[in-house]
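Q: Chains as they are written, first to last, in our numbering: chain X, 1 to 236; chain R, 1001 to 1236; chain C, 2001 to 2214; chain U, 3001 to 3214.
Since the hints were made in silico from the structure, they are not lab data. Just so it is clear, CB atoms sit at the ideal spot from N, CA and C, and this is done for glycine as well. Among the hints, a few may not be true.
Claimed, not checked - For lysine-lysine, the following DSBU-like pairs were computed, each having C-alpha atoms within a straight-line distance of at most 35 Å:
| id | chain 1 | residue 1 | chain 2 | residue 2 |
| --- | --- | --- | --- | --- |
| 1 | X | K134 | C | K2186 |
| 2 | C | K2140 | R | K1004 |
| 3 | R | K1151 | C | K2140 |
| 4 | U | K3073 | R | K1095 |
| 5 | C | K2140 | C | K2160 |
| 6 | U | K3074 | R | K1073 |
| 7 | X | K73 | X | K95 |
| 8 | R | K1085 | U | K3036 |
| 9 | R | K1085 | R | K1151 |
| 10 | R | K1134 | X | K151 |
| 11 | C | K2036 | C | K2140 |
| 12 | R | K1089 | R | K1134 |
| 13 | U | K3140 | X | K134 |
What the hints assert, rightly or not - Counterexamples of contact, computed for chain X against chain R with all Cβ distances above 12 Å:
| id | residue |
| --- | --- |
| 14 | I16 |
| 15 | D18 |
| 16 | D42 |
| 17 | R80 |
| 18 | K95 |
| 19 | K134 |
| 20 | N214 |
| 21 | V223 |
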Amino acid sequence: MINKTCPTVAEAVADIPDGATVMVGGFGASGSPIELLHALIDHGARELTVINNNTGNGEVGLAALIGNGQVRKMICSFPRSSQSKVFPKLYREGKIELEIVPQGTLAERIRVAGAGIPAFYTPTTVGTVLAEGKEVREFDGRQYVLEPWLKADFALIKCEVADRLGNLTYNKTARNFSPLMCMAATTTIVQARKLVARGGIDPESVITPGIFVNRIVEVSEPVHEDTLIAAERSYP
Amino acid sequence: MINKTCPTVAEAVADIPDGATVMVGGFGASGSPIELLHALIDHGARELTVINNNTGNGEVGLAALIGNGQVRKMICSFPRSSQSKVFPKLYREGKIELEIVPQGTLAERIRVAGAGIPAFYTPTTVGTVLAEGKEVREFDGRQYVLEPWLKADFALIKCEVADRLGNLTYNKTARNFSPLMCMAATTTIVQARKLVARGGIDPESVITPGIFVNRIVEVSEPVHEDTLIAAERSYP
Amino acid sequence: MSTGWTREQMAARAAQDIPDGSYVNLGIGIPELVAKFVPEGREFIYHTENGMLGMGPPPADDERDLDLMNAGKKYVTALPGASYFHHADSFSMIRGGHIDVCVLGTMQVSANGDIANWSTGAPDAIPAVGGAMDLVQGVKNIFVITQHTTRDGEPKLIEKCAYPLTGVGVVSRIFTDLAVVDITPKGFQVVELAPGIGFDEVQQKTGTAILPPT
Amino acid sequence: MSTGWTREQMAARAAQDIPDGSYVNLGIGIPELVAKFVPEGREFIYHTENGMLGMGPPPADDERDLDLMNAGKKYVTALPGASYFHHADSFSMIRGGHIDVCVLGTMQVSANGDIANWSTGAPDAIPAVGGAMDLVQGVKNIFVITQHTTRDGEPKLIEKCAYPLTGVGVVSRIFTDLAVVDITPKGFQVVELAPGIGFDEVQQKTGTAILPPT
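Just chain X, with the same shape it has in the complex (with noise of 0.2 Å):
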């Protein structure tokens, strides 16, 4: 019987050894994986590439990781925000790497990954100093930038409701990212807020189907990153 449900988060991310390739689900606060985040600080792996759309905010989740000195590498769009000031200040002491990736292709690079597609062509960075090194080629009279798929070892994801086969649905924006990663890792990890039986799911609402899910851990009451930096929380 196929049973993809994990009982513990510490259980679900035991494996992910140094040196690995996470892409960590979320838009700033909404959809960020806070369970998954700690358990990965308590875990303790180090060296890690992280792919996300920012770096975290406060001191706790993504930016909570990035402080405790696990990160070697971030790749993101938007690196800095008015509460972010752990990857900042680590940034200009120059111990972490940036990846810097436009929004849509960083979702592209991302998806494609997931689809068998090695590369496409993206008009955007034409012109620009993102596009440096790269190969540009013209289609239609146009110019178009040549952009590579993005991978990783592990996601970790944070949803609204799973069932046991993977299924999953997310809650409004807090979907953003997160379907895309759950198709372009090795191994796809998920906090769910509830767990419901096969077919508690409408097949016509599934977001992300099962065959991208791999780990599946009920997280019912979830903290969110907001209240947790009004609250001034750090982690560990």
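With chain X held as given, fit chains R, C and U onto it using these hints.
A: Chains R, C and U in isolation, oriented as in the chain X frame:
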């Protein structure tokens, strides 16, 4: 006020000119927009290039459009089936052109056309006659073929539920190519089994957001290709 | 010298040029104000690149949904007829030319429509591009709302951008506190002057030649 | 000479080699029979490339849903836990290597794993490829179920395919009426003989050298 509804299928297709490229949703009989196809037969536009996975069945719908001499060229993955007679006859007589595209490449070429990506690399067809004359390139030690986007002037789509903004849901496997074609056509024309008030579709369950849709006609009791064929019907 | 248009008036003026039924993406800052000035009888549908069409105004503080944010990471609402989608679909809308109008702030705009609004290029700056480069390449009409000059009085409409570019030749129209300016094959072209503003003042505060209203 | 395995027995034998929990795509014809022989205690999830995971058996005639078909355009059912998706997502599952096993019929297979199952290349044939080329390139394990020879007794396992290829070097294992055959760096390798079938018969009916069971 945004209102994309259109009173009749005849008005919905009235501006499709001779020589247009028209995508037609559906996979075999499921999801085929029979009423819109019959309206296009009544309308009479000729020299069309039609993009569909197949070439229709029996003497109704897409097969009838072809049989009526309105189609100059078919772009599809599988032009013959047990009940397709019209296309094979015209093809053998040299009266219709055919471009064969593998099914997954067809789907992705349509998707990227809607996504502003002019070309992508795929492993499909490497080493086969269908890759002849195409650019082959190696990524990470494996060979891939370059495939271009596939756009259309119009898309004819059948959906289950629509609102006046053009948000759509589909029914089961009748979904198939339709959400992709909505993205790739300049003008997307939809027949909906049910038109509901704005807000009548759960925002989490919208499959085609209204931005991809131009016209909606309510066809509350659509005929099904298989039913027409079982009744040995033909059109006109 | 007159003070020209206020921030609100610039936003209201830009809103006048957005056709009924447009799909619109609003950048952070003054562009966000456009939503307050939708002309009578028109309906716009707002896209936010983190995955929603049909974005509504900010909620009351006690009605916030922590999972409902816009691309600026501010809490928003969803109007009837909204839809949620993932980032690849959201940027397909952008890159694929489905969004009608994007209104952006900027640091510099050049006479050929280049825009520089993501980085000063300073050595100690942390680069952060977000969706800006996708938007300027993909959206059909790129509108810019900006003060005509910097706080220090330096022109922002110039011959050639000094800062790193966001996109090349992408801007169609600029709404400043002094004027509405089009990018034309001949360069900057004043379309309309703010009440009480003379063309000479606009030329003086522009970093290159600008054509007077016709 | 023995008759070897029946169609059902070939399908049942193939099913034995599919691990529990696999995502499986079954081609038209004998491969479809695999679903009837899932070994005790295992669960497979069936993918159909027209847009569903969790495909179930055919419905009773009076319980058909005209909008619920498989890739062979036959009416099917959906099991609890099924999901529907569009064609691009469906072929992302295939091309992206997410499907574990695909079981296909074939016209010819070569000793290096080339497969030819979409066209005879005859001048008057109407080409029709469907999803075959995507499946053979994308799915992790390509299993083939086929009679060892054509109806005319011609070998289907040969040194080099004569018909136009579907894919190059993609097949991993072949289930025929006579034997289970692996594609190895040394060519065809018999893994198991059908009851009552001798290796000499298999070699005789194979169009090139085939290694005996070890």
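Q: All the hints need checking, so say for each whether the structure fits it.
A: Hint by hint, here is what the structure shows:
At most 35 Å may separate the alpha-carbon atoms for a hinted pair to count; K134 of chain X and K2186 of chain C meet this at roughly 31 Å. Of the pairs offered as hints, the one joining K2140 of chain C and K1004 of chain R holds, with about 20 Å between alpha carbons and a cut-off of 35 Å not exceeded. Proximity of K1151 of chain R to K2140 of chain C is assessed by CA-CA distance (about 17 Å); at most 35 Å being required, the pair is judged to hold. The suggested pairing of K3073 of chain U with K1095 of chain R holds, with an alpha-carbon distance near 27 Å, which does not exceed 35 Å.
Between K2140 of chain C and K2160 of chain C the CA atoms are separated by roughly 23 Å; this keeps the pair inside 35 Å, and the hint holds. For the given pair, K3074 of chain U sits about 27 Å from K1073 of chain R by alpha-carbon distance, which is consistent with the 35 Å threshold. For the hint linking K73 of chain X to K95 of chain X, the alpha-carbon distance of about 9 Å falls within 35 Å, and the restraint holds. Distance restraint check for K1085 of chain R and K3036 of chain U: the Cα-Cα separation of roughly 33 Å lies within the 35 Å cut-off, and the hinted pair is therefore satisfied.
A distance of roughly 27 Å separates the Cα atoms of K1085 of chain R and K1151 of chain R; the hinted pair therefore holds under the 35 Å criterion. Annotation: proposed proximity of K1134 of chain R to K151 of chain X holds, straight-line Cα distance about 26 Å (limit 35 Å). For a cut-off of 35 Å, the pair hint linking K2036 of chain C to K2140 of chain C stands: about 22 Å separates their Cα positions. A distance of roughly 29 Å separates the Cα atoms of K1089 of chain R and K1134 of chain R; the hinted pair therefore holds under the 35 Å criterion.
About 31 Å separates the Cα atoms of K3140 of chain U and K134 of chain X, which keeps this hinted pair within 35 Å; it holds. With a least beta-carbon separation of about 23 Å from chain R, I16 of chain X lies farther than 12 Å from that chain, consistent with its non-interface assignment. Remark: the non-interface label on D18 of chain X is consistent with the geometry, its nearest Cβ contact in chain R lying 23 Å away (cut-off 12 Å). Every CB of chain R lies more than 12 Å from the CB of D42 of chain X, the least distance being 33 Å, so the non-interface label holds.
Residue placement check: R80 of chain X keeps its beta carbon more than 12 Å from all beta carbons of chain R (closest about 27 Å). Every CB of chain R is more than 12 Å from the CB of K95 of chain X (nearest about 30 Å), matching its label as outside the interface. For K134 of chain X, the condition that its CB be more than 12 Å from all CB atoms of chain R holds, with the nearest at approximately 14 Å. Against chain R, the non-interface label of N214 of chain X holds: every CB pair exceeds 12 Å, the least being about 23 Å.
Residue-level check passed: V223 of chain X sits 23 Å from the nearest beta carbon of chain R, beyond 12 Å.
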